[in-house]
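> Single-letter residue listing:
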Amino acid sequence: MTPARADIVFTIAKILILVNLVPAVIGFVIVYAERRIMGFMQGRLGPNRVGPQGILQGLADLLKLVTKEDLTPTRAEKVSHFLGPVLSVIPALTALALIPFGAAIRVPGGYEVPLWVADINVGLLFLLGVTSIGVYGIILGGWASNNKFSLLGGLRSAAQLVSYEVPMGLAIVAVLMMSRSMSLVEIVRMQDRLHLWFIFPGLVSFFIYFVAGVAETNRNPFDLPEAESELVSGFNTEYSGIKFAFYFLGEYTAMIVVSSVAVTLFFGGWLAPFPHLLPFLGAVPGVVWFLGKVAVFLFGYIWFRSTFPRYRFDQLMNLGWKWLIPMALVNMMIVAGCLLADVSAGRGLRALGWVLTGIFVILLLLSKLRRRLTLAEAR
Amino acid sequence: MTERVFPGDLHNPPPRTVAAPKTLFDVTEMELNFGPQHPSTHGVLRIVLKVDGEKIIEAIPDVGYLHRGTEKLFESETYPMAIPHTDRLDYVAAATNNHAYCLTVEKLLAVEVPRRAQLIRVILDELQRLSSHLVWLGTSGIDLGAVTPFWYCFREREQILDFFEEYCGARLTLNCMRIGGLPFDLTPSWAEKVSEFIDDFPSRVDDYETLLTDNRIWKKRTVGVGVISAEECVEWGLTGPIIRGSGLEWDLRRAQPYECYEELDFIVPTGKNGDTYDRYLVRVAEMRQSAKIVRQCLDRLEPGEIRGKVPRVIKPVAEEIYASVESPKGELGFYLVSNGTNKPYRLHVRPPSFINLQALPRLARGHLVSDLVALIGTIDIVLGEVDR
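In order, the protein sequences belong to chains G and U.
The working numbering puts the first sequence at residues 1 to 379.
The working numbering puts the second sequence at residues 380 to 767.
The set of hints was computed from the structure by calculation and includes no laboratory data.
Hints are not guaranteed to be accurate.
[To be verified] Think about it this way: if two alpha-carbon atoms lie no more than 25 Å apart in a straight line, the pair counts; the simulated SDA-like pairs of lysine to any residue are:
hint: 1; chain 1: U; residue 1: Lys599; chain 2: G; residue 2: Phe360
hint: 2; chain 1: U; residue 1: Lys486; chain 2: U; residue 2: Asn554
hint: 3; chain 1: U; residue 1: Lys722; chain 2: U; residue 2: Ala489
hint: 4; chain 1: G; residue 1: Lys368; chain 2: U; residue 2: Asp593
[To be verified] Not close to chain G: a few residues of chain U, all C-beta gaps over 10 Å, as computed:
hint: 5; residue: Pro459
hint: 6; residue: Pro463
hint: 7; residue: Pro493
hint: 8; residue: Gly548
hint: 9; residue: Pro567
hint: 10; residue: Glu571
hint: 11; residue: Arg633
hint: 12; residue: Ala634
hint: 13; residue: Gly687
hint: 14; residue: Lys688
hint: 15; residue: Ile693
hint: 16; residue: Pro695
hint: 17; residue: Ile700
hint: 18; residue: Asn718
[Stated by the list, open to error] Per the computed footprint, the stretches of chain U lying under chain G, defined by three or more beta-carbons under 8 Å from a beta-carbon of chain G, are:
hint: 19; stretch: 595-606
hint: 20; stretch: 736-750
Idealized CB from N, CA, C, for every residue including glycine.
Let's have the full structure, built from the sequences with the hints guiding it.
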């Protein structure tokens, strides 16, 4: 094979594996894990019938959804009704193409294959752009269903997703300044070079990014567009069968994307932790580290879902516009200041990291104390 | 005093005075049918909402989807035969329904209930209050998106239902009281199991409170939502945790003690602000008090009669009488008109759920659709009792 032809073959293989297979497999795992882990958190078993310990539950669900009748309400806007689920799933899958799952690996034949499909120099910008197309999927679906509850769900998602794009983008700007690149691969390499994961200097950014990310993916406590107890599933009320499965896949892929980006930007992507203290950890392949870190985030999603009540619409908007955006702006200034102090070796960033970690620990302890006091008072 | 709103007559709506909108963009109001098939209306309640975006302009409850003519049924049954019908009113709190009915007939017949029967009745009532409040806490948590407390609450509720099953064979429609006393005596092992459960119960309440009481989002969703003052509660005839949440210490167990409540040591928890959060706190505190009451009754149990002296055929003289108990939802009363035969001439129920539900339009006005769900939860309705 000529190198050019090999390149094409590998790219197609990577698209098939990383963009199609990986989300499908992770999707199955996370759907099962979600129901099972929530089950254990709530003192019940969760699915345990299909296959050993119920691990094939996802397959059974998929089979059910695919074979179900695909209903379209008679008064629905047919084209938009069809486009909704499509628009929600394709951008999420496209975004996965940018995620660096691991460093380059060697394959037989002497080729080095990097574990990402595309390394675009404006990667982050592209990512933000593509994921925001996914909003249309939900808005269209809610509007086209010709159902008042779906319409309310669509309206909620329009407002929610558009407003949370802003703090998310602003939070990412701080990371951009630290890494001086928009390429996701370059951001990971910068963290390697500085021996500093951006979570430390970017603690505030990370917090804002993750809150906005949970809101972007319509998950608890920000699952207002579907809110089964208020809007009876909201935008997807009138969907069944494969179209519903597409919304489902879109939501879970979006969760994987948000988690992967969080890992890439803040937690060193495929890098092993503590390269100086525990060098043997580097023996584990990078892709394992990456997936492990993503799994932690996905667990966080599940944990949120079983712990938090749902925000109300106006409170959600308040949180986004009055808290997260100003916080992100101030954070940007502080990071910029620290970068000015010491550009090359990242000493300013390190100092910022220590300060933020200190503040974080103090706040954590204070909130624990306050909680204990209020609960004791309530009893 | 604020302006009162009465639900309109849905079946004969007044002619629309508003001119039809010219274009799509002239529409500012939308009519939304909330229910009767909706997960958060706790049954078959239909609420006709007029909304501007998400803001509620008007919320009119439309009841009657579960109407079974129970009050009419009472007229064709003899006095003891009516007890199972009362189970089907508030079907998550059947014991208090039985109790209220039996109390009314006993008042009519002037029958004395033996002390052991009184204590056991109070135990059953309070266990029922626990199970009813647990259903309320779990479901209103789910309404606001907190799914986990539901499973914890139902874990304990199952235990309580097991106790009922062991006592009288039924889990929900208990039929567990008789005119003048009780159908069965307690077994010592039952009392032991209940006592073990009751001693452990406060720690379970701690579990629920850990998840909710100091949860920032829970507070955001409940503090200041559906505020109603104590005076308004009185005007609307609201009772139970709603009036106590508004700060009025009104509990029939204290205000008009029946059975042996007088000698028992418990406090009537009250709130301050009359909002959804305070009603939540009141109900949680009531659960702790109920556990305390059961404990005291178990300690006072002594062997004795469980049935008073009731004639074999109950044929009271013509009279009109009203008696009520504090059900988990408020004042549950029966107004009985007898005419000298063995069947009631008329038996009217004063259902707390129905009367509390009236306040929904008043509470919901100006709130958002999400708050409506919280409000239905905080009123704590059971459609079996609302529609009868």
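> The structure should be examined with respect to each hint, and the outcome stated for every one.
Going down the list of hints, with the structure as the test:
1. Lys599(U) x Phe360(G): holds (23 Å)
2. Lys486(U) x Asn554(U): holds (19 Å)
3. Lys722(U) x Ala489(U): Judged against 25 Å, a Cα distance of about 17 Å means the pair holds.
4. Lys368(G) x Asp593(U): holds (11 Å)
5. Pro459: holds (41 Å)
6. Pro463: Holds, since 33 Å exceeds 10 Å.
7. Pro493: Non-interface label on Pro493(U) holds, nearest chain G Cβ at 37 Å vs cutoff 10 Å.
8. Gly548: The claim stands: Gly548(U) keeps its Cβ more than 10 Å from every Cβ of chain G (closest is about 27 Å).
9. Pro567: holds (30 Å)
10. Glu571: Fine: 24 Å to the nearest Cβ keeps Glu571(U) off the interface.
11. Arg633: Non-interface label on Arg633(U) holds, nearest chain G Cβ at 22 Å vs cutoff 10 Å.
12. Ala634: holds (26 Å)
13. Gly687: holds (40 Å)
14. Lys688: Holds, since 45 Å exceeds 10 Å.
15. Ile693: The assertion about Ile693(U) holds, with a minimum of 46 Å to chain G.
16. Pro695: holds (47 Å)
17. Ile700: holds (42 Å)
18. Asn718: holds (48 Å)
19. 595-606: holds (count 4)
20. 736-750: holds (count 4)
The earlier numbered hints are all upheld by this structure, with none contradicted.
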